[in-house]
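So the protein lines, in turn, are chains A and B. The first sequence begins at 1 in this note's numbering and counts up by one. The second sequence begins at 290 in this note's numbering and counts up by one.
Calculated from the structure, these hints are not laboratory results. Please read these numbers as outputs of a predicted model, since none were measured by experiment. Treat the hints loosely; a few may be bogus.
Derived pair list, reagent style SDA-like, types lysine to any residue, alpha-carbon separation capped at 20 Å [claimed, not checked]:
| id | chain 1 | residue 1 | chain 2 | residue 2 |
| --- | --- | --- | --- | --- |
| 1 | B | K377 | B | H445 |
| 2 | A | K99 | B | R467 |
| 3 | B | K312 | A | E89 |
| 4 | B | K377 | A | K99 |
| 5 | A | K268 | B | H445 |
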Amino acid sequence: MKIGYFPGCSLESTGIEYHLSNKAVAKKLGVELWEIPDWNCCGASPAHQSDLVLPNALNARNLAIAEEAGMDVVAPCAACYNRMCAAIETLKNDPEELKNINEIIERDYKASNKVYNMVEFFHDLVGLDKIAAQVQKKLSGLKVACYYGCLLVKPPELTRFDNPENPTSMDEIVETIGATPLVWPYKTECCGGGLAISKTEVILKLGNDIFSYAQAIGADCLVTACPMCQLNLELRQPAMEKEYNVKFNMPVFEISELIGLSFGFSPKELGINKHFVNTAPLLKEKQLA
Amino acid sequence: MEQVALNSVLKSSQALNQEIAEKSHVDVNKCYQCGTCAAGCPVAYLADYSPRQIVRMLQNGLVEDVLKSRMIWLCIGCGNCLSRCPRKIDVPHLNDTLRIVSKEKGFPPAEKSVDVFNDSFLKTVQYTGRLYEAGLTMLYNTRSGNFMSGMDVAPHMMKLGKISPFPHLIKGRGEVSRIFKKIQERKGGK
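The shape of chain A in the complex, shown without the other chains (with noise of 0.2 Å):
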């Protein structure tokens, strides 16, 4: 299988594990990422909270090289993802707003391609039973809170999810590499990640209620499918320990990092090593290093 990979921004920097760790997991699964060329940013929520045409337009050029070269595109990023939705859904329905976005980016784009992320990929796109057939080393003892966040799940009509309440299509992943998913509630409760920077008091709230739920179940890590939470959580777990008084250390991963992990990768070659969280002793308490 050959498809489009659209890292965006954030995969090339705060979130090159989930980068190193796609490549090398995809690589082992017979699936080539094909990198879109020159791609740009999507814009994120700045775009579409500043102009009604932006979001679109910028989405559109990346979804045009795609469309130019026949392939649909995975992007890794839950923002990213729900940003190229929101682009693929209206202009598929609008003609005359694909007329005129093709007028501002100078391209052809037809809006024919289909977007997934990454618990789609696996899920859906190569399957649990591919997935089985590579794991070498099962994640026993791995006691996981599977952290879907806001914009890889609503609005539903958008994502396509299975659940926009209670999805289980990434627990069902963490069940097939040997760990365990644990039932909370706080699956799809968004991280406030959007408002890290210019509220950050949002974030140490909703962070602190996640952290604490999943903590109070016993999680011994969360595992999500978007560079965003997961370095939200990660880089301002201290400031969240601190504001309300607690003890978290507890590490975030992506749901890549830990299939490559179950297939015999080594934490350096998935960029484990690259998080805010100190992940060593977790992984040597439950001997996957």
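Add chain B to chain A, keeping to what the hints say.
Frame of chain A, contents of chain B only:
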């Protein structure tokens, strides 16, 4: 909130309400005020009005109060409200539109830091084609007056090699700049 004569407010705000409805494609009159949106909103605890109140105020013609409100700037776009709304009212997109209209009408943003962040973020995309994190931090800190923002976490990020001091310039950055320019021109801006 002071007493208002709704019949006169409804009339005087009709054009503005119409403009918002046309730009957002959201029909606020479909809302029957169940409050599910407010119950699930992660930022309502911090805002002046809940999403339910924003919609009610629009129904009653209190458009200016809405355009000046903090809620439209705090909305993070998580989609809880829309996903759970029995009337499928797209509140996140409504809030996006309200922010845009609020700026067009010249109201000062009720949450300046959010506006400055958005603007700084987009400036780096406009000139480099991608997000330039160090540039965003410099622009945001100087323009927002929060000079030390991010400084507590920056050393950790640098040490792990996660942020570069330099931008990644894409080849098509001229193309991306032109996208911004054309959109601005179509709106009649400079």
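Now the hints, each set against the structure:
With a C-alpha separation of about 43 Å, the suggested pair K377(B) and H445(B) falls outside the 20 Å cut-off, and the hint is violated. Among the hinted pairs, K99(A) with R467(B) is consistent with the structure: their alpha-carbon atoms are about 17 Å apart, no more than 20 Å. As the CA atoms of K312(B) and E89(A) are separated by approximately 17 Å, the hinted pair is consistent with the 20 Å bound. At most 20 Å may separate the alpha-carbon atoms for a hinted pair to count; K377(B) and K99(A) exceed this at roughly 28 Å.
Simply put, K268(A) and H445(B) have alpha-carbon atoms about 18 Å apart, close enough for the 20 Å limit, and the pair holds.
The structure fails to meet hints 1, 4 from the earlier list, while all remaining hints are met.
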